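A.B. asks: All chains, please: the whole structure from these sequences, using the hints.
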Amino acid sequence: MPPAFRASGLAYRFEGEDENIIAGLDFVIEPGSFVSIVGPNGAGKSTLLDIMLGYKKGYAGSLEFFGRELSSLSARELAAERAYIPQQSEDGLRLSAYEYLKLSNSDPIKTRGEEIDEILEKLNISYLKDRSIASMSGGEARLVQLVFALLRKPRVLLLDEPVSYLDYKNQQAFFEILKKEHAERGITVAAILHDLNLAAYYCGEIILINDGRILKQGPPLEVLNYRTLGSVFFGASGFLQTRPGPGEPRGRVHVICGGGSGEKIIAMLIERNFIVSCGVLNAGDSDWRFCRANSVAMVEEEPYRPISEENYMKNLEYIKASSAVIVCDFPIGAGNLANLKFADELSCAGGRNIICAGRDFSELDYTGGAASAYLEKIKKNARLFKNIAEFEKLIDSL
Amino acid sequence: MTVFLLGAAGVALSFSLGQAAIPPGEIADFLMLRSLADGRYHAILKMRVLRIAAAFIAGAGLAFSGVVYQSSLKNYLADPFMLGISAGAALFSALAITMKFHSSLAISAFAFTGAILSVGAVMAISYARKFSSYNLILTGIALNSFFSSFLTVVMYLSKDMQNIFFWLMGSLDVRYADQIIYTHLFVIFAACYILKYSHILDLLRINEKTVFSIGVDQDYYKIKFLVIASLMCALIVSQTGIIGFIGLIVPHAARIMVGDSHRLLLPFSFILGGTMLIYCDLISRTAADSINFPIGIITSLVGAPFFIFLLAGRRKAGERANG
Chain P
1 MPPAFRASGL
11 AYRFEGEDEN
21 IIAGLDFVIE
31 PGSFVSIVGP
41 NGAGKSTLLD
51 IMLGYKKGYA
61 GSLEFFGREL
71 SSLSARELAA
81 ERAYIPQQSE
91 DGLRLSAYEY
101 LKLSNSDPIK
111 TRGEEIDEIL
121 EKLNISYLKD
131 RSIASMSGGE
141 ARLVQLVFAL
151 LRKPRVLLLD
161 EPVSYLDYKN
171 QQAFFEILKK
181 EHAERGITVA
191 AILHDLNLAA
201 YYCGEIILIN
211 DGRILKQGPP
221 LEVLNYRTLG
231 SVFFGASGFL
241 QTRPGPGEPR
251 GRVHVICGGG
261 SGEKIIAMLI
271 ERNFIVSCGV
281 LNAGDSDWRF
291 CRANSVAMVE
301 EEPYRPISEE
311 NYMKNLEYIK
321 ASSAVIVCDF
331 PIGAGNLANL
341 KFADELSCAG
351 GRNIICAGRD
361 FSELDYTGGA
371 ASAYLEKIKK
381 NARLFKNIAE
391 FEKLIDSL
Chain F
1001 MTVFLLGAAG
1011 VALSFSLGQA
1021 AIPPGEIADF
1031 LMLRSLADGR
1041 YHAILKMRVL
1051 RIAAAFIAGA
1061 GLAFSGVVYQ
1071 SSLKNYLADP
1081 FMLGISAGAA
1091 LFSALAITMK
1101 FHSSLAISAF
1111 AFTGAILSVG
1121 AVMAISYARK
1131 FSSYNLILTG
1141 IALNSFFSSF
1151 LTVVMYLSKD
1161 MQNIFFWLMG
1171 SLDVRYADQI
1181 IYTHLFVIFA
1191 ACYILKYSHI
1201 LDLLRINEKT
1211 VFSIGVDQDY
1221 YKIKFLVIAS
1231 LMCALIVSQT
1241 GIIGFIGLIV
1251 PHAARIMVGD
1261 SHRLLLPFSF
1271 ILGGTMLIYC
1281 DLISRTAADS
1291 INFPIGIITS
1301 LVGAPFFIFL
1311 LAGRRKAGER
1321 ANG
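Chains P and F supply the protein sequences, listed in that same order.
Letter 194 of the first sequence, counting from 1, is numbered 194 in the numbering used here, and no numbers are missing.
Letter 152 of the second sequence, counting from 1, is numbered 1152 in the numbering used here, and no numbers are missing.
Heads up, some of the hints might be wrong.
As the list claims (entries may be wrong) - Partner residues are not named here, just some residues of chain P that face chain F (Cβ under 10 angstroms, in silico):
{"hint": "1", "residue": "ARG76"}
{"hint": "2", "residue": "ALA83"}
{"hint": "3", "residue": "ILE85"}
{"hint": "4", "residue": "GLY92"}
{"hint": "5", "residue": "SER96"}
{"hint": "6", "residue": "SER104"}
{"hint": "7", "residue": "ASP107"}
{"hint": "8", "residue": "GLN145"}
{"hint": "9", "residue": "ARG152"}
{"hint": "10", "residue": "PRO303"}
Claimed, not checked - Below, simulated PhoX-like cross-link-like pairs (lysine-lysine); rule was C-alpha separation at most 25 angstroms, straight line:
{"hint": "11", "chain 1": "F", "residue 1": "LYS1130", "chain 2": "P", "residue 2": "LYS56"}
{"hint": "12", "chain 1": "P", "residue 1": "LYS379", "chain 2": "P", "residue 2": "LYS314"}
{"hint": "13", "chain 1": "P", "residue 1": "LYS57", "chain 2": "F", "residue 2": "LYS1209"}
{"hint": "14", "chain 1": "P", "residue 1": "LYS129", "chain 2": "F", "residue 2": "LYS1130"}
{"hint": "15", "chain 1": "F", "residue 1": "LYS1209", "chain 2": "P", "residue 2": "LYS179"}
{"hint": "16", "chain 1": "P", "residue 1": "LYS57", "chain 2": "F", "residue 2": "LYS1196"}
{"hint": "17", "chain 1": "F", "residue 1": "LYS1130", "chain 2": "P", "residue 2": "LYS57"}
{"hint": "18", "chain 1": "P", "residue 1": "LYS153", "chain 2": "P", "residue 2": "LYS129"}
{"hint": "19", "chain 1": "F", "residue 1": "LYS1224", "chain 2": "P", "residue 2": "LYS56"}
To be verified - Residues of chain F placed beyond 12 angstroms of chain P at every Cβ, according to the derived structure:
{"hint": "20", "residue": "SER1104"}
{"hint": "21", "residue": "ILE1125"}
{"hint": "22", "residue": "SER1145"}
{"hint": "23", "residue": "PRO1267"}
{"hint": "24", "residue": "GLY1313"}
I should point out that these hints are in silico values taken from the structure, not numbers from a laboratory.
As the structure is a computational prediction, the values presented were derived from the model and not from experiment.
All C-beta atoms in this analysis are idealised placements derived from N, C-alpha and C, irrespective of residue type, glycine included.
C.D. replies: Set out below in structure tokens:
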């Protein structure tokens, strides 16, 4: 069977603008696959979906839909094959779910009432049948839109951020149904998603788009890692999932960081099979969230509290047990100054590798010089790195 | 159901009340086509039949086309006069009056031409650019205000200012039975035709891309519906002058009462609009002795409080639903 979609050199430009919003995409979506399109706002995701829908015409390059050029197909031919769920819900629509669902067939006489009953029954939402859409919760209204699309019996289902406005429970409910229908009917699903965890969990394949180009297409673990995402979602944190690479565990490493300065470094260490610990971090800090998400051992302090003596000692234990200490470039105030006090213990840290960010810390020093003094001491004994590439070289030599 | 009963009561009251009150027995006789005991009433009753028929079809047609306009333009503030029908009709009838055409048929013909020309111009202009509800409405607003200014100029220069003014306020004094019969035929036929497509009107209300995805050509239907509703409306306006408010308020009231499903909403608005105008006419004839208030004033005077009452009720219902 030809692929559901095959794009080669697909490009699109808004009327009157100089730059392409979509700039030469090549991808294949196989029939029966469950694909999500991810990327930052303005990357061109919705435009791409509109082109795939046939709504935006006049693209350059080629886009085949089951082997036929999409632009050569009529609205009716397309309608027989694919269904669509828009980003917006049907706000304030005073039609009952049943009346609304009847519209799914443009010829209402052909819509059989039993068919609607059946699918509502199957999805356990028969109670919505006579309720007005306007009176439904966001989650319920979304499910009704999903039923609308399913009633079209599509081979392909396109969804534009279907769950962006839903709470966690309703997101799950929506995707569980979608997944089930996908599996049972073999519908090809292509959805724009903002929640990368959902994308990773439900989709077999992810297309990562940035600036109108495909950065990467493949299974979630290949696409959703710090390397690809870090460059796209600047400063995004807490969702990067990293796995140790193949091979034997290497040594223990302790990372001193905060405010997101440690994410990439820790991810890189995990991938290289180091056993990583981290601290002291205030609970809620973005590095703290990242460590928790990746089960990194850490010394935690209550949110917004200065580091206690007890936690300082704990952290020192970790440092002593590690073969290397890494100091990232993070802002230092009175509260977390204790993180640098290990410099006083350098005698006992002798022989240990110390790797420190090489930047000028004066703009990150909110202690009136105390932090800088510690850093002087640390840097004297440390190997310095200016960027992540240099850091990579340093740890490969460990 | 209640509206039906109200409508019937309105018709009965309209028959009997007016500058000369007529006893119910005489009306029954008249309706049964029995010869009348008292010949005096015959002429008055004949006049009132025409009047009631005119009020009903004008109200019904305006309300019906109001619904069609709102749904086709995807704008709940739309009314049948949004795309220039009233302004065009007003300007052309003013011209006719100024040019000393005295027969009401001639003025009607002028008004109809003006209405069709202006709504046609609005559609053509916005179709030449990108056809969208947004473009249509903006073009309509521009043309409306252009025609209104033109009208002011004509009125300022004309010696028949009072006549023009009177026409603008709307009137249900219809002299010719033929006119009313043809208007009825056309309006009812057009309404039935659109009713056949009520599910498409439902579709126009929902997400545009969703509708596209099921293969319905929305622009085609939008144009078709707007053209039919405009013809309907132009015909009514050309006979009665400009009766405001019905085409905006009745559709909203009907939506509140029966919901957005056009299969119900369209006929309901039709009947509600007709009924409402019969009542407004009744008030305009009976409120003060020996004066017929212009119907356009009464629709606003009666319609606005009625609508505010409905809105207040809905807010309470909304609070209950949310709470």
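A.B. asks: When the hints from earlier in the document are held up against this structure, which numbers fail?
C.D. replies: Hints 10, 14 and 16 are the ones this structure does not satisfy, whereas the remaining hints hold.
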